[in-house]
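K.L.:
The primary structure of each chain is shown beneath.
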Amino acid sequence: MSTMTPVALEKRPKRNKRGTGARRDMSPAARRRSLTGWAFLIPAAALIGIMMFWPMFQALLLSFQTGRGSALDWADPLLFNYERMLNDDIFRLTLTNTLLYLVIQVPIMLISALVLANILNNPRLRWKGFWRTAIFVPAAISLVSYSLVFRTIFATDGLVNDMLLAVHLIDSPINWLGNTDTARLVIILGLLWRWTGFNVIFYLAALQNIDPTTLEAAKMDGAGPIRTFFSVTIPQMKPMILLTVIMSTNGTIQMFDESYNLTRGGPANTTMTMSHYLFDVSFQNNPNFGYGAALSYVILIIVAVLAAIQMKVGDKRD
Amino acid sequence: MTDVATKLEKSPTRTTARWRGVPKYVFLSIVALLSIGPLYFMVVSATNTTQDVLASKMIPGGNLIANWQSLTEFQDVGSAMYHSVLNAVVTTVLALVVCSIAGYGFEVYHSPNKDRLMWVLMLAMMIPFAATMIPLFQACSLTRDSSTRPGPWCSPRLRRRC
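Line order of the protein sequences matches chains A and B. Residue numbers for the first sequence, in the UniProt record's numbering: 1 to 318. Residue numbers for the second sequence, in the UniProt record's numbering: 1 to 162.
Isolated chain B (complex conformation) (with noise of 0.2 Å):
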């Protein structure tokens, strides 16, 4: 009798289960498709004509090699890659070493004056970069020559990456 009875409980419950879940994922799916939406537009683009584009075109289209041919006629696209490249590598190293060993300090070595230093530290970091832009951009101006980038030491990433 009692086992009619759980059975009898059971079914409906089952069925309107299976269903409960679906608006979770129907939500997920319009955010998901929102976040991925532009930058799908974005590489499909990159294969379509300026008049498909503008035409909003969602399928890709056989423009890539055209495309590319006339970015690299126009931009020094391997020079861009060079610095980017330079940039990142350098100050992810640079930034690995310094703050590593800083870390290490901080833990290993621990005391209360140097929790207040790193307190002050850590300040540093809320520092908007407006405010250092100005007297940097004079500093790196006059330790350029007219043609290089000012040098990946000068890069708000590494103070930031810290």
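Okay, chain A solo, but in the shape it has when bound (with noise of 0.2 Å):
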């Protein structure tokens, strides 16, 4: 005599005038509770809609037009922006160095992130509260203020060269903005400066979610501390640095501040990234706002593409 039979008899799926879907099987009661749920969502939903998703239509139609300022005319091929891009050197240009920050910086700054939130999750740390704010607060310095100092720092006549001649490690002051090379190493110290320390903050939280049974297996199984960091203490974190990889490429691909205020694209355009780019484009000289939507379309299609290689990489491990 189970209990179950008189409700198993009583659901059967109807067809009602309340339609179909989850909520046709519903109460009056429960509909009313499912609506209200939906209606907290309304706000958040329709900022976002309006905001992100109706302005990313706008600028999918933007980059089929030409034409300067707001005298915008359909293109004639209707991709005529995108194969400009095609042949545009600058665009090249702006694209490798995109992505050379982004293959040297993050892989070099998560390493160094990781190593730092192992050093300061040791609880018998001492001053352990100065460490942590010590490594955090360039994070909360704006990328204006801080793009400055390190133009200033860097300068042919600033305090780096100036420690490097007092030291005699070199014999004459090193221009670190004037050379591509070396420009390019400035924007990637700076870059590691800022956010590393952000990142350590969330690998020490992932860290407190470890469970401290499975160090103490490892130790008694006879595991070093650096066999236990990689073998146990990584592979529990493997959500935390999915998440900081794809966000530590996110930011990269979109570095805008740096590139302008730091070299303001560099010793000619050589350190310049798509979104100063996109920025010249569109608001300096002769405003084009079909190609600059066409530019920041391919940007979006890379981060997305980058995104999802890294979602499928990081899911086919776990």
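These are computed hints drawn from the structure, not numbers from a lab. No incorrect hints appear here.
Below are the DSS-like pairs computed for lysine-lysine, each with C-alpha atoms no more than 30 Å apart in a straight line:
hint : chain 1 : residue 1 : chain 2 : residue 2
1    : A       : K128      : A       : K219
2    : A       : K128      : B       : K24
3    : A       : K219      : B       : K24
4    : A       : K238      : B       : K24
5    : A       : K238      : B       : K114
6    : A       : K238      : A       : K312
7    : A       : K238      : A       : K128
8    : A       : K238      : A       : K219
9    : B       : K114      : A       : K312
Here are some, though not all, of the chain A residues that point toward chain B, as calculated from beta-carbon distances under 7 Å:
hint : residue
10   : L41
11   : Q58
12   : V149
13   : F289
14   : I299
15   : V303
Okay, the calculated bits of chain B under chain A, using three or more residues with CB under 8 Å as the criterion:
hint : region
16   : 39 to 48
17   : 51 to 57
18   : 99 to 106
19   : 126 to 135
For each residue, glycine too, the CB sits at the ideal point set by N, CA and C.
Join the two chains, each given in its own frame, into one complex according to the hints.
P.N.:
Structure follows, in structure tokens:
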């Protein structure tokens, strides 16, 4: 005599005037509850729809138009802007620069952040608050401020050259911002300086969630600290590592402030990023919003493809 | 006999153990110095004259008042501060209200369709600002007169805060 039998007999899906979907089987009270739940989401969904999805759609339409300023007209071959981009040398240079920053800076930053978080996670470390604050403070500085400070520090008569000359590491001042390679190095150093602390916080949070019994088990099995780090700690931090990789990639591809304020595009556009080029095309000189919109769509596609690749790789190894 | 043996075992490890943590602290000190160095230079430079900054002087000077006066003389600092504070406060308050309502709706009135909507909204966070910048600029230039700012609702921070 199971009590489930009467309920099972009543559970026939019917098509009634309430329509189809999950709401048709509900009582009026339950349906009202479900609609109330949807009502809570309307402000956020409406804001995101109006401020993000609608402009994105408009940008797609814009990318098929050309013209100066507000005199926009449909492009003759519809993909004219994209064809122009394929032959654009400056665009190719900015793409190279951005990918270079991504490939060099992100791995170094994340590995340093992992190592630092692991060191800071030791419960017997003294003055922990001071170390954490010191490492996180650069992340609280505005992008424009730190770009200008780094520009001053790495000037030909700036702090870095003075210090290197004082310890006799170099004979004459290095023109950091005047050569392509050193200018890119300065930008990468700036990015490392600023964003490592930010990622240390994320990894510290992930480390707090690691089960200490797994670490004890590893120690009892005779694993040294390095072996424990690679075989026990890192696999348990995989979701957070994936999150920081996606966030860092996203941020580095859209980078604008450092390129604009630190080097202003660098010696002959050799440190310019894609977003900086987009800003130049759209708002400086002769504004061409159609071409700018096409550029922004290429940035969007690159971000989306890289994020999809990273999510696939991250999930496969689970 | 065993007490003496264990005591003899313990004493060398105790002195080496005291120095075992030192490389860690040295490394952390270097990292902290590199992190705070530029900021310290920035603060100290604010109190120095231009020649001192170019000479990389690391000791605070007495030029703070003069620097502040030349700053306020050439830039409208008050207006800039007001706009920054307005932006920060309004977007934070709006984000708190909108996002906590939405979070409440997603969690307490949970359903599979709401999960799908949440994934769509999370996807919106990944859209680079560059992709939406130009249409937003066009929209905001329609809704403002020549003297005021476009308004905090156009700010990307409102969207990123959620």
